[in-house]
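Protein chains: 2
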Amino acid sequence: MPTALDFYFDFASPYGYLAATQIDKIAARHARTVRWHPILLGAALKATGMRPLAEIPLRGDYMHRDAPRFARYLGVPFAVPPGFPIAALAASRAVVWLDDGDPVAAKALARALYDAHWGRGEDIRDAAQVAAIAAPLGVDAESLVAAVQSQEVKDRLRARVEASLAAGVFGSPFVIVEGESFWGADRLDQLDWWLSGGR
Amino acid sequence: MPTALDFYFDFASPYGYLAATQIDKIAARHARTVRWHPILLGAALKATGMRPLAEIPLRGDYMHRDAPRFARYLGVPFAVPPGFPIAALAASRAVVWLDDGDPVAAKALARALYDAHWGRGEDIRDAAQVAAIAAPLGVDAESLVAAVQSQEVKDRLRARVEASLAAGVFGSPFVIVEGESFWGADRLDQLDWWLSGGR
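For the record, the sequence lines run as chains A and B.
In this text, residue positions in the first sequence follow the working numbering: the first is 1, and each later residue adds one.
In this text, residue positions in the second sequence follow the working numbering: the first is 1, and each later residue adds one.
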């Protein structure tokens, strides 16, 4: 069986959202599967000494024109959410929590959270908001809210963020397959080419 | 007549080179022409508080894998030149000098310099090296060496770098057409789409 793709993303990242709308389609074309890994970019930014894109003069302004244009280019909905860029703790913990027992549900929740946050501009900072988005997927709201507040799930997310740093992830979106790294929604075409045997 | 594209690039920038191999082809598909503007990114990096990509931990290493892969994806030659990233003063001044009287020759020289520097990994830091690359285009070596050392040409390049900053250019490559900005070799597909009427 061909190796799965590892797809790393921060819910706060608009380019992570754009990649999330495409990554499974691309993988499927090459009979590959995708493991979704929510991360928190703060740690990676610290490692590279960078600031969040939105805070960089000129580049931040450009991003606010570029990301919606990129969405129109891909033909997917786009709306800037409140509080951008958020600290996506509740959303990331909820996905990591679900991922332990039910990776399919975890991926469905991650997709639903991204669609809500960047497709419709909804707030996903609070556990209650995350639970409301998870409910149609059959996830019990009370269990989710309890999980994202538990030390065990907090630790699990922290361990996964640390594992992403150890794997060399420094941005969102980031794809690693067979040791090859692709950073950015703008590298998906090259990922597709690479999966086709392009070298 | 449709508006020309303004294409800004730093000879030190590998992604500027990659874009330079494509930009005229893309413009031609839409019956557009391209004005080439050599710039020095140092001033733009200062404005955004950024460092050269090569100096940023992790991102610099990634660039050294990404840029050659991008070149293979495009099917163009690629070689890392000595002294990367160079201060491309002589090359930029030579192009600006030629551009005053003969924009066609200036563009041909810019292309030849990029092909030498990033296509074949040649050094283009010295005026004599630039003159050797310009010679096959019928440019007199002595005149070129004198021009790149003249205060008038130095001032002309400085004025063009300042004009690029005033236009909002903060990276290489950078394309502006009808007020719309595209930053990065990875936005050429979207530029193509935009020129086709994509909005």
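Derived from the structure by calculation, the hints contain no laboratory data.
The model shown is predicted, which means the values in this text are computed figures rather than measured ones.
Honestly, I wouldn't trust all of these hints.
[Unchecked claim] Only part of the chain A face toward chain B is listed, based on derived beta-carbon distances under 10 Å:
| hint | residue |
| --- | --- |
| 1 | 49 |
| 2 | 52 |
| 3 | 72 |
| 4 | 73 |
| 5 | 78 |
| 6 | 84 |
| 7 | 151 |
| 8 | 171 |
| 9 | 187 |
| 10 | 189 |
| 11 | 199 |
Every residue gets a Cβ at the ideal spot worked out from N, C-alpha and C, and that includes glycine.
Here is how each hint holds up against the structure:
1. 49: Nearest chain B Cβ about 7 Å off; hint holds.
2. 52: violated, 13 Å
3. 72: Since chain B brings a Cβ to about 7 Å from residue 72/A, closer than 10 Å, the hint holds.
4. 73: Holds, because the Cβ-Cβ distance from residue 73/A to chain B comes to roughly 5 Å (cut-off 10 Å).
5. 78: violated, 13 Å
6. 84: violated, 19 Å
7. 151: Violated - the Cβ of residue 151/A stays beyond 10 Å from chain B, reaching only about 30 Å at its closest.
8. 171: holds, 8 Å
9. 187: holds, 7 Å
10. 189: holds, 7 Å
11. 199: holds, 7 Å
This entry does not satisfy hints 2, 5, 6, 7, going by the numbered hints stated previously.
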